[in-house]
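Enquirer: One letter stands for each residue in the lines below.
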Amino acid sequence: AQSVTQLGSHVSVSEGALVLLRCNYSSSVPPYLFWYVQYPNQGLQLLLKYTTGATLVKGINGFEAEFKKSETSFHLTKPSAHMSDAAEYFCAVSFNFGNEKLTFGTGTRLTIIP
Amino acid sequence: ETGVTQSPTHLIKTRGQQVTLRCSSQSGHNTVSWYQQALGQGPQFIFQYYREEENGRGNFPPRFSGLQFPNYSSELNVNALELDDSALYLCASSFGSSGNTIYFGEGSWLTVV
Numbered sequence: 721a722q723s724v725t726q727l728g729s730h731v732s733v734s735e736g737a738l739v740l741l742r743c744n745y746s747s748s749v750p751p752y753l754f755w756y757v758q759y760p761n762q763g764l765q766l767l768l769k770y771t772t773g774a775t776l777v778k779g780i781n782g783f784e785a786e787f788k789k790s791e792t793s794f795h796l797t798k799p800s801a802h803m804s805d806a807a808e809y810f811c812a813v814s815f816n817f818g819n820e821k822l823t824f825g826t827g828t829r830l831t832i833i834p
Numbered sequence: 026e027t028g029v030t031q032s033p034t035h036l037i038k039t040r041g042q043q044v045t046l047r048c049s050s051q052s053g054h055n056t057v058s059w060y061q062q063a064l065g066q067g068p069q070f071i072f073q074y075y076r077e078e079e080n081g082r083g084n085f086p087p088r089f090s091g092l093q094f095p096n097y098s099s100e101l102n103v104n105a106l107e108l109d110d111s112a113l114y115l116c117a118s119s120f121g122s123s124g125n126t127i128y129f130g131e132g133s134w135l136t137v138v
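Each protein sequence line maps, in turn, to chains A and B.
Take my numbering: the final residue in the first sequence is number 834, and no numbers are missing along the way.
Take my numbering: the final residue in the second sequence is number 138, and no numbers are missing along the way.
Hint data in this document are derived by calculation from the structure and do not stem from the laboratory.
For each residue, glycine too, the CB sits at the ideal point set by N, CA and C.
Check each hint, because a few of them may be wrong.
Said to hold, decoys possible - A short, non-exhaustive set of chain B residues, derived as facing chain A with CB atoms under 7 Å: (1) 68; (2) 70; (3) 86; (4) 87.
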């Protein structure tokens, strides 16, 4: 069965510092990969996704992620953290062609230190 | 604003009762999925409906059931509520095949006491 592992349930970075949120997946077939953000008491918002093609994916709010097949990773980065980035971030994977059933990681709570 | 609306936003039920949660998909979307997000956890896939037919189910018991209507709105029904059913229930809609963007609603918070 497919799975997603997010390393670090809590990450704290200073405002202006690099944000790095880690995600690894297990799969025997090429996956579709996603990062979602969840602000308090809200639903999930798509940050970016990888389906096929270029392995470096750019998303909203200055985030990007790189699909590395050899490392089975899809880490999320942002060069300079902003206070508004404080939220819960979920990595998700889909392996089923023709549908969109997502398997989510357990999430990483990002705190920004002023 | 994703165009996916859910109701009610919050509700409290007693153990053993039944609950119905509703979702209005984004216009034109023919696929709807439901997820359960327990406190401090990632969302877990309950089931998906495509053109009014169930199109896959996660590891949830039969007391979790659903419907999708001709206008592609959807319901999630949970019978014989248990305390562990307390969670945020998320509806997500999309159109067609894999890779298309999935839009989530803001969820329905269910508390079972």
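Enquirer: Compare the structure with each hint and give your call.
Expert: Status of each hint after checking the structure:
The restraint placing residue 68 of chain B at the interface with chain A holds, with a minimum CB-CB distance near 5 Å, inside the 7 Å limit. Annotation: interface hint on residue 70 of chain B holds; nearest CB of chain A at approximately 5 Å, less than 7 Å. For residue 86 of chain B, the shortest C-beta to C-beta distance to chain A is roughly 18 Å, which exceeds 7 Å, and the interface hint is violated. Interface hint status for residue 87 of chain B: violated, as the beta-carbon distance to the closest one in chain A is roughly 19 Å, over 7 Å.
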